[in-house]
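Student: This is what each chain is made of:
There are 4 protein chains.
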Amino acid sequence: MPLAPPESENGTIQDNSGCQNTIGYVIDLNPADGGAGCWLDLGAPHMNRNGLMHGGIMAILLDVACGYAASLSFDVKTLAPVLTVSLNMHYVASVADGRVLAIGQVTGGGRKICYATGELRDTKGRLIASAAGVFKRINQRPAS
Amino acid sequence: MPLAPPESENGTIQDNSGCQNTIGYVIDLNPADGGAGCWLDLGAPHMNRNGLMHGGIMAILLDVACGYAASLSFDVKTLAPVLTVSLNMHYVASVADGRVLAIGQVTGGGRKICYATGELRDTKGRLIASAAGVFKRINQRPAS
Amino acid sequence: MPLAPPESENGTIQDNSGCQNTIGYVIDLNPADGGAGCWLDLGAPHMNRNGLMHGGIMAILLDVACGYAASLSFDVKTLAPVLTVSLNMHYVASVADGRVLAIGQVTGGGRKICYATGELRDTKGRLIASAAGVFKRINQRPAS
Amino acid sequence: MPLAPPESENGTIQDNSGCQNTIGYVIDLNPADGGAGCWLDLGAPHMNRNGLMHGGIMAILLDVACGYAASLSFDVKTLAPVLTVSLNMHYVASVADGRVLAIGQVTGGGRKICYATGELRDTKGRLIASAAGVFKRINQRPAS
Numbered sequence: 115m116p117l118a119p120p121e122s123e124n125g126t127i128q129d130n131s132g133c134q135n136t137i138g139y140v141i142d143l144n145p146a147d148g149g150a151g152c153w154l155d156l157g158a159p160h161m162n163r164n165g166l167m168h169g170g171i172m173a174i175l176l177d178v179a180c181g182y183a184a185s186l187s188f189d190v191k192t193l194a195p196v197l198t199v200s201l202n203m204h205y206v207a208s209v210a211d212g213r214v215l216a217i218g219q220v221t222g223g224g225r226k227i228c229y230a231t232g233e234l235r236d237t238k239g240r241l242i243a244s245a246a247g248v249f250k251r252i253n254q255r256p257a258s
Numbered sequence: 115m116p117l118a119p120p121e122s123e124n125g126t127i128q129d130n131s132g133c134q135n136t137i138g139y140v141i142d143l144n145p146a147d148g149g150a151g152c153w154l155d156l157g158a159p160h161m162n163r164n165g166l167m168h169g170g171i172m173a174i175l176l177d178v179a180c181g182y183a184a185s186l187s188f189d190v191k192t193l194a195p196v197l198t199v200s201l202n203m204h205y206v207a208s209v210a211d212g213r214v215l216a217i218g219q220v221t222g223g224g225r226k227i228c229y230a231t232g233e234l235r236d237t238k239g240r241l242i243a244s245a246a247g248v249f250k251r252i253n254q255r256p257a258s
Numbered sequence: 115m116p117l118a119p120p121e122s123e124n125g126t127i128q129d130n131s132g133c134q135n136t137i138g139y140v141i142d143l144n145p146a147d148g149g150a151g152c153w154l155d156l157g158a159p160h161m162n163r164n165g166l167m168h169g170g171i172m173a174i175l176l177d178v179a180c181g182y183a184a185s186l187s188f189d190v191k192t193l194a195p196v197l198t199v200s201l202n203m204h205y206v207a208s209v210a211d212g213r214v215l216a217i218g219q220v221t222g223g224g225r226k227i228c229y230a231t232g233e234l235r236d237t238k239g240r241l242i243a244s245a246a247g248v249f250k251r252i253n254q255r256p257a258s
Numbered sequence: 115m116p117l118a119p120p121e122s123e124n125g126t127i128q129d130n131s132g133c134q135n136t137i138g139y140v141i142d143l144n145p146a147d148g149g150a151g152c153w154l155d156l157g158a159p160h161m162n163r164n165g166l167m168h169g170g171i172m173a174i175l176l177d178v179a180c181g182y183a184a185s186l187s188f189d190v191k192t193l194a195p196v197l198t199v200s201l202n203m204h205y206v207a208s209v210a211d212g213r214v215l216a217i218g219q220v221t222g223g224g225r226k227i228c229y230a231t232g233e234l235r236d237t238k239g240r241l242i243a244s245a246a247g248v249f250k251r252i253n254q255r256p257a258s
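Line by line, the protein sequences give chains A, B, C and D. Everything in the first sequence is counted per our numbering, starting at 115 for the first residue and increasing by one. Everything in the second sequence is counted per our numbering, starting at 115 for the first residue and increasing by one. Everything in the third sequence is counted per our numbering, starting at 115 for the first residue and increasing by one. Everything in the fourth sequence is counted per our numbering, starting at 115 for the first residue and increasing by one.
Mixed in with the good hints, there may be bad ones.
Any copy, or any two copies together, can satisfy a pair, since identical chains are not distinguished.
[What the hints assert, rightly or not] Here are the computed lysine to any residue pairs in the SDA-like style, where the Cα-Cα straight-line distance is at most 25 Å:
| hint | residue 1 | residue 2 |
| --- | --- | --- |
| 1 | K226 | N253 |
| 2 | K191 | G239 |
| 3 | K226 | L197 |
| 4 | K226 | G165 |
It should be emphasised that the hints constitute simulated quantities derived from the structure, not laboratory data.
Could you build the full structure based on these sequences and the hints that come with them?
Tutor: Written out as structure tokens, the structure is:
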């Protein structure tokens, strides 16, 4: 399994992990405002028991967007592998359909540790959830 | 869509939402130590690009376990619907296969707000991730 | 003890609580970019055992800035009293002297719950710490 | 300024930093249930504008308790200096007087990173606030 993902010509990543295939999100390494993006077209597989987008799926999208932003900040060429140390989620509004887009941005850090924040919005720009995460650069796949 | 989930005779819940079907976790409303549980048998659909369980999937399991613990604390009979206000995740260790079990416990709260913490462990009892969440009781499905 | 603080002519608040007197911060209800501000001139009383600004003091400044931003968003005239439900802190850089300024901004919420984020910077604009908080409007001083 | 604090015969630490002198808390390196403790006798200097213990002061006590628990876990003899990477606070109940005690416990980590959780309780054992923090071992006082 490659540590650096297969990057398509337009800077998006698909089919890069089992989780990505399961949920169906698309990674965008070149969003308009910098950082990294992750979008998803909502459907029944993403809903909770109340018929709304599951908060855990929101966490996946924001973890991915913030994690790739961290990865790019460490090494834009090789997409340095990172581990999520912590992730804090705020669930601001609910959403039931349409496309949602997470954007992650790096706010600081050093050689090994990276701080990032992210926002998940619907197509109208409404804030659905926000996240703040700490990521750690790793040299290789850690032992399980 | 029923707000109260279909509960089987042995206190476990399956097929209760699109998200649950997508990920494949099972909810346990009567874990040995109280609170609420959520377990998952890991497979390729739950892995990240490094071949380890995706942190976002961990967030789903802990959100579900803590959320059902909150729901039970508000009303054990009807499983009062709740929204996640915030969820903080700590990723303590990685895991690549086997069964993982999340247990959520309520630590406090009032009429509308509930505080819960949760732990995700593998079958050897090793701590994989921990969570702290705030949940809000809602009367009905909120407008999207 | 008044629930609404004594506001000076220029929109700053001092001597409003025992904690404020102990730490010595000044609240600014009209910062340039909106929200609410809280600044402090650092000295020996704010240092940890390593001679750097204590992370807990950073938490106080960001809790105050985000809390007043929430309070203003509920009712700008009476400064509606609020309780902090949760606060997540990221410690991005260290600082040992000079003035630090926390700015809190509201990102969403409803009738009772308010989400806010905040940033603490030094006089050069360097990010020292960031915060994400959930606040709850209360009608009066809660029973202890 | 010594990186290792002056430890008294009974395992408590006082007068170890400007912040500690300002707030007046006492550090206990040998609490009954393990980890590290930090207690404070509440007075007017610790109150917010509603006459209740300020959430930021709670953050200080829990940051100290969790940080010393992390420090002890790295090196019990030299009390290895650590930095707080992130701290998540849950404010479960309010308190206005008496003694409050924070206990921090380590839940996991590696060579450099340590995860800890903490609880703040009053003398009746009531949970006032809980915390989850990430700490990083440092070799020396970082450059400011």
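Student: Each hint should be assessed against the structure and marked as holding or not.
Tutor: Cross-check of the supplied hints:
Taking the shortest alpha-carbon separations for K226 and N253, both the intra-copy value of 10 Å and the inter-copy value of 15 Å come in at or below 25 Å. Taking the closest pair of Cα atoms, K191 and G239 never come within 25 Å of each other, the shortest separation being 30 Å inside a single copy and 29 Å across copies. In the homo-oligomer, the alpha carbons of K226 and L197 lie at most 25 Å apart both inside one protomer (10 Å) and across protomers (14 Å), since each shortest distance falls under that limit. In this assembly of identical chains, the alpha carbons of K226 and G165 lie at most 25 Å apart only when taken from different copies (21 Å versus 40 Å within one copy).
Violation of the numbered hints given earlier is confined to hint 2; every other hint is satisfied by the structure.
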